[in-house]
Structure formats: C-alpha cells, structure tokens
Amino acid sequence: MSELIEIARRVASAARSGEQVEAYVVRSRETEVEVFGGEVESLTTAVIEGIGIRVVADHRQGYAWAGSLDASVIDETLRDARDNASFGEPDEWYALAGPADVNGTTAPILNLWRDELAAVTTDEKVRIALDLDHATRAADPRIRNVEATGYGDSLTEAAIANSLGVESEQRRTTCSASSSAIADDGSGARTGYGFVAGRQLSDLDLESVPIDAATRACRLLGARPIPGRRIPVILDPLVTRSVLGVLSSAFNGESVLKGRSLFAGRAGELIGAPHVTVLDDPTDPRALGAGTHDSEGVPTRPFTLIANGVLQGFLQNVYTGRRSGAGTTGSAVRGYTSTPGVGVRALRLEPGVHSPEEIMASVPEALYVQSVSGLHSGTNPISGDFSVGAEGLMVRGGAFAEPVREVTIASTLQRMLLDLADVGADLTFLPGAVAGMTVLVSEMTLSGE
Amino acid sequence: MSEPLIDQAVLQATLDRALRAGGDFAEVFVEDRRSSSARFDDGRVEELVSGRDRGAGLRVVRGDTTGFAHTADLSPEGLAAASDAAAAAARGGGGGTKTVALSRQVNAARVGDDLVIAPETVEKARKVDLLRRADAAAREQGGAISSVTASYADAHRRILVANSDGLLADDDQVRTRMMVQCVATGDTGMQTGYEAPGRTMGFELFDSIEPEQVGRTAATRALSLLDAVPAPTGRIPVVLRRGAGGVLFHEACGHGLEADHIYKDASVFTGDLGNLVASPLVTLVDDGTYGREWGTLTIDDEGHPAQRNVLIENGVLTEYMWDLLRARKEGHASSGNGRRETYKHLPMPRMTNTFVLEGDTDPDAIVQGLEYGLYCVQLGGGQVNPATGDFVFGVTEAYLIENGEITRPVRAAQLIGNGPDVLRGIDAVGNDFDTWTGMCGKNGQSVPVSSGQPTVLVREMTVGGTAA
Chain A
204 MSELIEIARR VASAARSGEQ VEAYVVRSRE TEVEVFGGEV ESLTTAVIEG IGIRVVADHR
264 QGYAWAGSLD ASVIDETLRD ARDNASFGEP DEWYALAGPA DVNGTTAPIL NLWRDELAAV
324 TTDEKVRIAL DLDHATRAAD PRIRNVEATG YGDSLTEAAI ANSLGVESEQ RRTTCSASSS
384 AIADDGSGAR TGYGFVAGRQ LSDLDLESVP IDAATRACRL LGARPIPGRR IPVILDPLVT
444 RSVLGVLSSA FNGESVLKGR SLFAGRAGEL IGAPHVTVLD DPTDPRALGA GTHDSEGVPT
504 RPFTLIANGV LQGFLQNVYT GRRSGAGTTG SAVRGYTSTP GVGVRALRLE PGVHSPEEIM
564 ASVPEALYVQ SVSGLHSGTN PISGDFSVGA EGLMVRGGAF AEPVREVTIA STLQRMLLDL
624 ADVGADLTFL PGAVAGMTVL VSEMTLSGE
Chain B
108 MSEPLIDQAV LQATLDRALR AGGDFAEVFV EDRRSSSARF DDGRVEELVS GRDRGAGLRV
168 VRGDTTGFAH TADLSPEGLA AASDAAAAAA RGGGGGTKTV ALSRQVNAAR VGDDLVIAPE
228 TVEKARKVDL LRRADAAARE QGGAISSVTA SYADAHRRIL VANSDGLLAD DDQVRTRMMV
288 QCVATGDTGM QTGYEAPGRT MGFELFDSIE PEQVGRTAAT RALSLLDAVP APTGRIPVVL
348 RRGAGGVLFH EACGHGLEAD HIYKDASVFT GDLGNLVASP LVTLVDDGTY GREWGTLTID
408 DEGHPAQRNV LIENGVLTEY MWDLLRARKE GHASSGNGRR ETYKHLPMPR MTNTFVLEGD
468 TDPDAIVQGL EYGLYCVQLG GGQVNPATGD FVFGVTEAYL IENGEITRPV RAAQLIGNGP
528 DVLRGIDAVG NDFDTWTGMC GKNGQSVPVS SGQPTVLVRE MTVGGTAA
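Residue numbers (this note's numbering), protein chains in the order written: chain A, 204 to 652; chain B, 108 to 575.
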C-alpha cells in the first residue's frame, strides 16, 4: 500500500516552480467467476493498475493517464500532462486541493478492507458460483434456465498526492454474487435477478440469491401489457436506486455552474414532498461507495441535499467550490482516466417508517415496478424528462395481482420528487453510489395497450 | 505494421507454455491503445486529456471453461506469468492439444487505408479549433441556446492476435468522433439536443464532416424542443426516418441473434433458424466491412477477418453472429463478430455495423399515408432483454404526424415493444438510407457500432409519453 503513495509523492515532487502536480494512483486485484449450465464458463484473475496525472500551470490545466505504473511510462505521462496544460485556456479557478481546502475537516476513520476476503481461495470462489447456479435451477420447477451466475470481488488501493502537500491513501474490499433466472411455464419467458454485495464473504446472504432470482422471474409469468392510465407507482429498492442515480447529477455543482441543473438557483425552495430528505454520506461504512477522502484528497463528510423537501445546496469539488464560492464538499469523483468531476458516492433517501407491505396496502391500486429498462435512453437529467420501460405487478388491496410487462411509466424528475408520497423503511445498500428502498410515487403516466 | 508489439518467437513460447498442462485452445491478444480528447464547455477549452493503455490478455480454454488473465507487462516474464495464471484458471476442464506454429495472416486491404491521418500527427490546436467552430455555430442558431458542450475524441489502437491454431494477425485501427450537446432554455424549462458523428478513420474525418454543421444540428434540435408538447401515450404507428432508428433493430433482434444468447437458450430467437421472424420487407445484415462506419473492422479481436453477414433475408432468419469459441462449440465458422473492449476483457459475439437494407417505398408516401403517428428523427439508445425479446429505445427528436403531415415536436419519450412482434409489424421500408454512430454495451463491455436503416414504418408500438 505504501508503494502507491510513494509513487504518487514522487510524481508530485517533480512539480517545477510555478507548477502544481497531482498524481492519482490505483491498483486493484480482481477475480470474476461466471458459471453456466453447471460448469465454470470463465474464470478471470487480474491486477489492474493505473495512474492519472494533473498539471496546473499559469492557470491552465492538462491531464494524462496510463494503464501501467512502470517508471518510464509515468515519466511519459507527466510529459503528456504538461503538454496538454500548455494548450488549455487559462481559468483563474483551476487549482489542486490545498491546505485551505482540507484544514478544519477531519477525515472519518473507516475500516473498509477485510483481510478475510483477501484470504479466500479461488477454488472457494468457484464453489460459491457453482452452488448458486445449482440452487437457482433447483429453486422452482418453472425455472427453465439460468442465464448467468457469477461471483466477483475486488481488493482496491488508491493513493493521491499533490505538490501542495495534500495526500490520502485508501483501500477497500468488495464482493458480490448474482444469478439471473429465466422462468417459462409455456406462457412466455420471464427473467428475474438476485444479487448480494458486501465487503467480505460473511456479509453475503448467498441463500437469498437463488430465491430472489426465482421468485422475481416466476411472479412475472403470464405478464401482459395493460391499458394506459395515470396510476400510483411503487418502486422496488433496485429501481429507486436507479432513479435516484439519474437524479443525482442535478445536485452536482458543476451542472449548476454550466447551467445544466434542474435545481439551479433554487436553494431554500421546496423541491420535494415534505418527508423527503436526501443526503450523500460517504462517511457511512454501510454504503459500498464509502471512503475517507474524495478523489482530490479532500476528507469526506455527510452533506444534506434535501431536508424535508427543501433544497439545501449542491455538491462541489475544489474547482466548482472555488468558482461558486461555496467551497469543496469533498465530492470529487473519478477513475484514473479522467480529471475529477463532482458526484455522489453514498446517496440515500432517509428511510421512512412503513414496510413495503404497508406501502402496498396504503393505496387501493398501484403498479409495483420490479425492474425498468432504458434508464439512460429515456431519462434526461437536464430537461427532467423521465420515460422508461417497466415490468412488475399490479397491487390491489395490499396484495400482488396480475403481472404486467411491455409498458412504460413516465413523468418528470421534478414531478416525481414532489409526488414521492411515501418512503419505505427498507433501506438497502447496494453496489455503487446509491442506496435504495421501496417508495410510492403518487402518480405517473402508464402507457401500454 | 511498423514494429510488432511482441516478437513472434515470444508469442509462440507463450502459447506453448499456456497449453503445457493441458487445454484445447490458447490465445494471446495484445493491444496498445493511445487516446486523446478535448472538451470545449461554457465557451472555453476545458479539458485536454491523453491516455495510453498497453497490455496482453491470455486465454486458455479447456472443455467449456475459459481461464483468463491479463497483464500490462509485455516482457517474456510478464507474459509467462499471465499464461500460468490463465492456465491455472482453466484447469477445471479437460482436453489437450498442442500449439501449431504461427503463420502470419495478411489482412484484406481496405480502400482508403493510405489516406488515414493518424491523430498523433495532428496538432492539438487544430483539434481544439474544431470545437471552437462548432460552439460558435451552435450559439448563432438562437439566443435561447444557454449552454454548449463540444468534444472531440480519437483512439489509435494496434492489436496483435496469436493463437494455438497457428493464427497470427495484426491490425492498426483509428477512430475519431466529435460530439456537440446544446441546452436551450425557454418557458417550459430546459431542453437538450445533441449530434455525435464518428467514423473508423483519422483526422481526415473532417474533410467530410463540418464542425459548424454538427453544432447547428445539435442546437436546432434543442431549440425545436422548446415548442415540444408532451409525447403521446398508447400504441400508435411509428415512422423512423432514415438513419434515426437503426437502434430499433439493434435492440429488437441484434442482441437476440448473438450466438451466445442463442445457444444458452437465452434468446427469444433460439430455434428460429429458417423461420419467418420478420416482415418479408426486412433484410438485416451485420457488415463489419462497410466503408468506414463506426463499427467497421479489418479483423475482429480474435483475428478473424470482418465479414458481411446476412442475418435476416426477406423476413427469414438465416444466420447468427459468432465468435470463435461459440463457433467451435457448435461446429460452425466464426463470422468475424468476436470483439472485446480492451485486452482486459474476454471477447464475445458483438455487432459491428447492423443495417436494414433499403426497400421500394417513397419515404414521403409513408408519412402521407398516416392519419396519426409519431415521426422519429433521432433515437437515443435503448435496451433489450434478449431472453424475453422486450426492448425499449428512447426518442430524442420526434414529431407528431397528423393527417399525413409532420406537425408539432414532442418531448423525449421511450418506446417499448417486443422484438418479434415489432419485426413482423414492419409495414413499409423506404428507398432511402442512413447510418447512426453509437456505443453498444453488453455484459459491462462497450464497443463502437453503427446502425443503419431506410425510413421504416412500424405498424404500432407503445409510446411512453405523458400526454393524457
């Protein structure tokens, strides 16, 4: 681990007079097993390394990256970054994170690395995937096929150092397992997905994966499109997570600066239903995207975006924080192939008090959406347009009724926040930057037959 | 190729080592990729990025199991270590074969290969200048244009493939793309428009694409949406203008005809070879040799020459898309569709340039013949569940058709349908044609593709608008 920070420091210390240099270095050990038909279809083991170098000189910024930590490659990358900087346009706000951006904040202490995961053998991982495949096939007689079963994990280390003295080192482990079942009772194939994730094997409730995949596939058997109407919609936690993920770019300080945020200029205004509270909290170890520092080396902290429906503010990195005057919120995100943007790492709606069953019983009729498709082609976080394919089940009298497919649900993101009639208590942490739970949206337009 | 990425003797030794403990097949895939990009946002050059990634992916196949390892260390020692890791990973399966001596495959010459202007020979200032021009032209379209982002990206990729069948092939690939996104602000809020042409060529792309035109097209799209009404709901006839809607076929049947989905019994088209799966007006090809389109290849990422594959002929399903392993398993030949995102990824059957061929109908007559419908000019990507055939695609520029005329623009919406149903419901195919540039995602890997079609009439699809 200290090897990565040494590499980053060496690059940062190569800064010339009048120049700021930042190095972002990552190394990740990854394993992925895919099983099909009771056999290992593929087994991949790899170490991925990379470095991204940012140079700021004369208020111009340049960036270069490479997929290797070889010394001569790093030298070439620094040269490229300097060359790119010389072509940039000056911008008085360009600068790396400095002491003023990190003083006064204490990074959280988080233990995101599990030695136990590093000790699991490849054979054990293969066994997990084979067992899952077998269990999914056996979960229900209507399961015709298991399209894919997999186990994957990664042990990741990252280090940042810049020539202004800001540094951070982080490491974390994540693992996940999933299964995708195809059910068919003669009425047409339907699919269902089960998956779990955590930091070590004992976090994974592996038994739930085949049950979820089979249940979700089988309960859609016989699904048909239904006539269009305006209707309340209940979103499954995985769907809520996806919708919040699309919405998150509207809370991005960079979107605000560029005139591309739905909520620009509306801090202090009511933009959501009164019980809607949304925050990004990378200090929460339950979130799989948690971290002690952002990707410019600034300590993370919880930031409330919406409190009881009222917009509180926007996420910032060093650049957007300076330019807007709001200061960084420790929200720089990136991979090593790009400069830091602004983004969420651990976004969640604060959970409410009702269980999914109570939410289902709270309306006479609703569409329960189990999965959506076309999220990226059907949503526009700038205009707010939201229109996606959906499949799920009708809910009446608090119980699931007929299954539904080949319909769309539509509204706008702005409207959906105001129409968030209930937020469930079933907060679920999933891989990625956003948590989910069951939610009720009081009305969306359903289009079908 | 100037200088080989790896010496032939080292490749041969690596393959021999990979199979010394047993196995049916081994492959070394080497890639050296240099990319550069520039972004112009908010009226200024914002970001200049360059990157380099070079490494090798080693595959060892035993029975139905593939062991895979990759490394950025291309020394003989680095390759040996990766080879051992891949072999160890494959050890579950059975089988044994020896490697055949490598013999270099000569690629078919591509017309225009000598005209490629390699991106690393072009000064950065010229790349940035394209963006300035696009930005200026976009803003000139109207005062309501409140934001313009223009970006440029190029990639120069050298690949080398060697396998235990004795194949040794290499290729030099250049792709260049420009994108403009505009935001227009009006009484109804903000609307966006974008245009993003790309080709498998170098800087000579800009001999035929004018940055100002890209900017104007994106800006006009955004501005017209300021007058848009909510998209309709329900099942209505849909006209896809030439070049707009190739995504429909990409999602409706493209993925469903990839041989891995077919043979895993995870495609709605499994078992349909020889059957009528679409209207007889539909002939669908996947053609990796077509001009310089975004999905064009000389060889795929397993070294197989690109081909023109007729998948559906006059409505009858005639062929799938194959990669090497799936082809071997089913006793078929690869169709040149084995692609991977980088050396760190395993190849699988992927599309290249997927087209519906032009028909006989006058495109204007298609519109004139409709009392009510949706006229789609630009689609925004989509998604399909190959096992069920249900697919969606987004529409980013569309208009109502009322009494045979194109009338009001509508806000963005998603269309949903089921592949086989929609294909059978193609009621007219125009005598025009155009293509669309995009990125296709599958199992976490993104590859460049193009889609093309003439103006097409779909009898009906569900439109996911918000209009009552």
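Please keep in mind that the hints were generated in silico from the structure rather than gathered at the bench.
Remember, predicted model here, so these are calculated numbers, not experimental data.
Ideal Cβ placement from N, Cα and C applies to all residues, glycine included.
Do not rely on the hints blindly, as some may be mistaken.
[Said to hold, decoys possible] Here are some chain A residues pointing at chain B (derived, C-beta under 7 Å):
(1) 243
(2) 392
(3) 396
(4) 399
(5) 461
(6) 577
(7) 586
(8) 588
(9) 648
Results for each hint:
Checking residue 243 of chain A against chain B by beta carbon gives a least distance of about 5 Å; that is within 7 Å, so the hint holds. The beta carbon of residue 392 of chain A comes within 5 Å of a beta carbon in chain B, closer than 7 Å, and the hint placing it at the interface holds. Annotation: interface hint on residue 396 of chain A violated; nearest CB of chain B at approximately 10 Å, more than 7 Å. About 18 Å separates the beta-carbon of residue 399 of chain A from the nearest beta-carbon of chain B, more than 7 Å, and the hint is not met.
The criterion of a C-beta within 7 Å of any C-beta in chain B is met by residue 461 of chain A, whose closest approach is roughly 6 Å, and the hint holds. With its C-beta approaching chain B no nearer than about 4 Å, residue 577 of chain A sits inside the 7 Å limit, and its interface hint holds. With a cut of 7 Å, the hint placing residue 586 of chain A at the interface with chain B holds, because the nearest CB-to-CB distance is about 5 Å. The beta carbon of residue 588 of chain A comes within 4 Å of a beta carbon in chain B, closer than 7 Å, and the hint placing it at the interface holds.
The criterion of a C-beta within 7 Å of any C-beta in chain B is met by residue 648 of chain A, whose closest approach is roughly 5 Å, and the hint holds.
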